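Chemist: Letter by letter, the chains look like this.
Number of protein chains: 6
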Amino acid sequence: MAKRSGKTGPAKAKPKPRVSAAATDDTAIVALKLPAAPLPPDMAAYFAKCEEKLGFVPNVLKAYAFDPAKLSAFVAMYNDLMLAPSGLSKLEREMIAVAVSSHNRCYYCLVAHGAAVRQLSGDPVLGELMAMNYRAARLSDRERAMLDFAVKLTAEPWRVEEEDRAALRRAGFTDRDIWDIAAVAGFFNMSNRVASATDMRPNSVYHGQSR
Amino acid sequence: MAKRSGKTGPAKAKPKPRVSAAATDDTAIVALKLPAAPLPPDMAAYFAKCEEKLGFVPNVLKAYAFDPAKLSAFVAMYNDLMLAPSGLSKLEREMIAVAVSSHNRCYYCLVAHGAAVRQLSGDPVLGELMAMNYRAARLSDRERAMLDFAVKLTAEPWRVEEEDRAALRRAGFTDRDIWDIAAVAGFFNMSNRVASATDMRPNSVYHGQSR
Amino acid sequence: MAKRSGKTGPAKAKPKPRVSAAATDDTAIVALKLPAAPLPPDMAAYFAKCEEKLGFVPNVLKAYAFDPAKLSAFVAMYNDLMLAPSGLSKLEREMIAVAVSSHNRCYYCLVAHGAAVRQLSGDPVLGELMAMNYRAARLSDRERAMLDFAVKLTAEPWRVEEEDRAALRRAGFTDRDIWDIAAVAGFFNMSNRVASATDMRPNSVYHGQSR
Amino acid sequence: MAKRSGKTGPAKAKPKPRVSAAATDDTAIVALKLPAAPLPPDMAAYFAKCEEKLGFVPNVLKAYAFDPAKLSAFVAMYNDLMLAPSGLSKLEREMIAVAVSSHNRCYYCLVAHGAAVRQLSGDPVLGELMAMNYRAARLSDRERAMLDFAVKLTAEPWRVEEEDRAALRRAGFTDRDIWDIAAVAGFFNMSNRVASATDMRPNSVYHGQSR
Amino acid sequence: MAKRSGKTGPAKAKPKPRVSAAATDDTAIVALKLPAAPLPPDMAAYFAKCEEKLGFVPNVLKAYAFDPAKLSAFVAMYNDLMLAPSGLSKLEREMIAVAVSSHNRCYYCLVAHGAAVRQLSGDPVLGELMAMNYRAARLSDRERAMLDFAVKLTAEPWRVEEEDRAALRRAGFTDRDIWDIAAVAGFFNMSNRVASATDMRPNSVYHGQSR
Amino acid sequence: MAKRSGKTGPAKAKPKPRVSAAATDDTAIVALKLPAAPLPPDMAAYFAKCEEKLGFVPNVLKAYAFDPAKLSAFVAMYNDLMLAPSGLSKLEREMIAVAVSSHNRCYYCLVAHGAAVRQLSGDPVLGELMAMNYRAARLSDRERAMLDFAVKLTAEPWRVEEEDRAALRRAGFTDRDIWDIAAVAGFFNMSNRVASATDMRPNSVYHGQSR
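Residue numbers (my numbering), protein chains in the order written: chain V, 31 to 241; chain D, 31 to 241; chain S, 31 to 241; chain U, 31 to 241; chain E, 31 to 241; chain X, 31 to 241.
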């Protein structure tokens, strides 16, 4: 029989769908029972804007919504890091997010930010490469230096030293850029852990985006 | 601005496609220059069957084709392990393939066999979970025991002992099934390394399959 | 000669002080040149309050002060996590901070939060134990379960599962407490990395506090 | 008393032989009960040849013999990799086998292929060095580069990149040689795991060979 | 409220001292019941000298005192390594002790030898840096090379090779110095393990010394 | 051709002996130039006794002989640990030595103490198993508990806790035995590092002993 003949051949009987491994993702966001709190007006407006622009509220926001102070602090930090002006493009920041989340094998962040890389780059394969092994991607020297720093900082923060910063400077990054690389990598080291600790499930809609 | 507002919003300017990280995947399969050899008749027929059934010849086969003896041995072992009768379903074998390849962060195998999991299961999310972190998937006890064994065998083969086999037996696996789990996990520990050593690139077509 | 006779004996010649390994800590806070920005009024008031209450502004705040939005977001998240009402005492939150920072070998956080554990507990030795190896401390079952979770989440977030949450519940933690343990552990996984990436130096005053 | 005086001195009372740790190695080859299958004629002839030439059938072959298709595929791949023409000598291929098996601490493969290194090199110590720590051996630059690649590919396949292939080329290896190094290293990463998963026991005869 | 306002502020209510994590350190030295043996005269004199010069007998000596032969052998080796003439200063030897003990997270040795570094250097911060992360210290090239070798030898002894010795020679160390670095690092790899295996507790007096 | 046909077949042309990887072992004991010192009388007598009883002086003793104080301290500690009365048999102590040295991949100690295990046990295979992977050996519960403790103490001393001591007590060990297991494991963690740091070469005679 042909290798992998069962995978895509038209003659093949349609596989019986298994109960989906992800069927309830959008209803049970975290494995903790956290009583809902009313959204304060600014956060309610923010959620409405998400619905309007994205078509959905990212589950991480719903997960934090049990406590308005935590939700606000998370949103403020996230939006500053990922969306505010920076020497790093939004795509570069999302690439860091996914490469860090790949090291930490964080399901939530890989799904949500893998979709972001696909969307921002217009390159579905780039999203896969960041999630699977960024070292296998064809990257610019700048991108590679950035991800090497972010992943070393993730894996062995105690080994990051002046030489690592110097490598970023040689690749053209300013000191402010270095801060931003560190801050984004740091942020996802936090988010990966909150997501893993709570078994956070991504919105199903991410899976098909920008493929 | 809304969190992730840039990702999918309709008002958003279309991102300028970056030069794809994967653009040349189908032309440069491995990072080694290996002079082509003529395919022997049985392998030529096999490649033709792949084209007919899958619409393409998987790149791993093209990579091995420089040497007919190596190609034949690989195909024989692969087809026996993944397609011959076994107490493990084809989907289970592909789940092992992807979970092992995830531990080893093998780009080629994650792409090719991630597609197989999506296709065989009819569940795109299951493919993602196997590639990202199988521990985050909602699995049956049987599936979980199988993958725990395969991944431990991948990460720390020197620590696999009778208790590990006993756990598989408690989950309902026969001794023959245990062999098959070990053999599939072992095979992908080989293939992951051949692919990583040669920078093997998967066929682009896999990326969009069964999403 | 007596073992360690040279260490504390009164007859011993006073050692010639070496140029201190930390001499310039308070002047060069990070290894990045980040142009100062004027503090917005609320942050200026906050710094003044630190001076008044602590006698100094913690260096991490000065490090973030180059960008008011980043400073505000950091302060908001920090204060919510470490000082707002929680099922975890402030000491417990600081114990998590130090145990996580010990795993990550973060000099800044070990110094600053080691001092906090000493001060809040009234037990200088507890601060040392958290910084050196929390497993060697005589802890309550509750404290031990809390730190085991936080450190596993730090070391191998991808392995944290329902059983880990169940262990916390058995130790008496509520689901909200579990969130807080995860969020504090996550936060220091972020801060450890920002500090390591920038070679952040703690205020010298911490070293002698509450010994 | 003399250091180690008890180890080899002629005056020493003969130690009472302990029940051997390996006494039943040749009768219970794997820790799985796999019903025997009749050997197909070509494999029966192959086993007979082993008996004639080696004086025994290697246990790994007996282990695979429960399923003729698996046995044939294993033998075909093994013989191609280890015995067919290659830019690597047979000894070099066995050195890779043992260095990889040492990383994976595979008892079966270390015993069987350690014997092969001793026999092919005429140097018993070389076999020990490959099994214990290849870095301690006095190797040619070519041998060292080959083993560094094979062991890195074993330990961290995700980190193997163009620079690693370039190091092999600098040591004089062709691209075809690189394939062969990768394929042999990959094969033993498979075999180590099948052996460890099944607690495969080597033929006792290997232990004394070529000492 | 001000960040960290609770830590040192004068207005703050004094924290209720928790039962100390270390309260019984000086009474229960190890977690093994080892019947006391009478000290032989030379060791009794040695203990008396410790009392006179240090004001106490280090707990590690009391722990070994159950067996005079073991005590004598330990004292002889310790005193030779740490106090006898060497190309390494006593402070350098103590820095190695603490950096090795930090890698091994040994509570006893970090406390006792951290105090020694503080005392010998006259620099309390240097003691903290050695215990927390020697890479964050401002060290001379000589000190850094010495500690890099000692910590690599601790973490991955199998990877230490001629290049590592060459790096020490380039930093000005003689072959005899290299022996001493290795011997001190080796000794603390032993002591760390004896201390961890027996839950050895340091004398409380160390904590406050030379702060 | 038969698998492994080249290894032992009588028809096979004798392999051309390669320049031995170990040829100069007995002349160049360590990779450091350490000027020889005259042996003090007691050590000269000890070396003579080794010659008489073993037929050679173990290279580790020659390596330490550059400094009589270091040699004496090493011999005193070694002989107490390995030869003095203990609840552990001499074979058990040598099994610990080899299992620890296997974890640390120390060529010198694996060769010298592997020979000791073969000699003391009368079981050549047991020596191989200790050097390759003690988990693959058929051991008594007592032996297994002893080696599990010793190897955990080697790999992760910071994780050894009361539960680990309790496991030894359940296996029948006294507290004094636990000390001895820890002390022997600790000693070889020292010796392994001194040997690896200096590239110490074992006497060639060990290789063929008790096979």
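Just so you know, these hints were derived from the structure itself, not from any lab.
Among the hints, erroneous ones may be present.
[Said to hold, decoys possible] List time: in silico BS3-like cross-link candidates among lysine-lysine, alpha-carbon distance up to 25 Å:
id : chain 1 : residue 1 : chain 2 : residue 2
1  : D       : K120      : U       : K83
2  : V       : K92       : V       : K79
3  : D       : K182      : S       : K182
[Claimed, not checked] Covered by chain X, per the in silico footprint, the following chain E stretches (three or more residues, Cβ under 8 Å):
id : stretch
4  : 159-168
5  : 226-233
[What the hints assert, rightly or not] Sample of chain X residues facing chain E (criterion: CB under 10 Å; computed from the structure):
id : residue
6  : L64
7  : L69
8  : A74
9  : F77
10 : E81
11 : K92
12 : A93
13 : S102
14 : L169
15 : S170
16 : T204
17 : N222
This structure is a prediction, so every number in the text was calculated from the model and none was measured.
Glycine included, each C-beta is placed from N, C-alpha and C at the ideal position.
Chemist: Look at each hint and say if it fits the structure.
Modeler: Here is what the structure says about each hint:
no. : hint            : verdict
1   : K120/D x K83/U  : violated, 40 Å
2   : K92/V x K79/V   : holds, 14 Å
3   : K182/D x K182/S : holds, 18 Å
4   : 159-168         : violated (count 0)
5   : 226-233         : holds (count 4)
6   : L64             : holds, 6 Å
7   : L69             : violated, 17 Å
8   : A74             : violated, 19 Å
9   : F77             : violated, 19 Å
10  : E81             : violated, 24 Å
11  : K92             : violated, 14 Å
12  : A93             : holds, 9 Å
13  : S102            : holds, 7 Å
14  : L169            : violated, 20 Å
15  : S170            : violated, 21 Å
16  : T204            : holds, 9 Å
17  : N222            : holds, 6 Å
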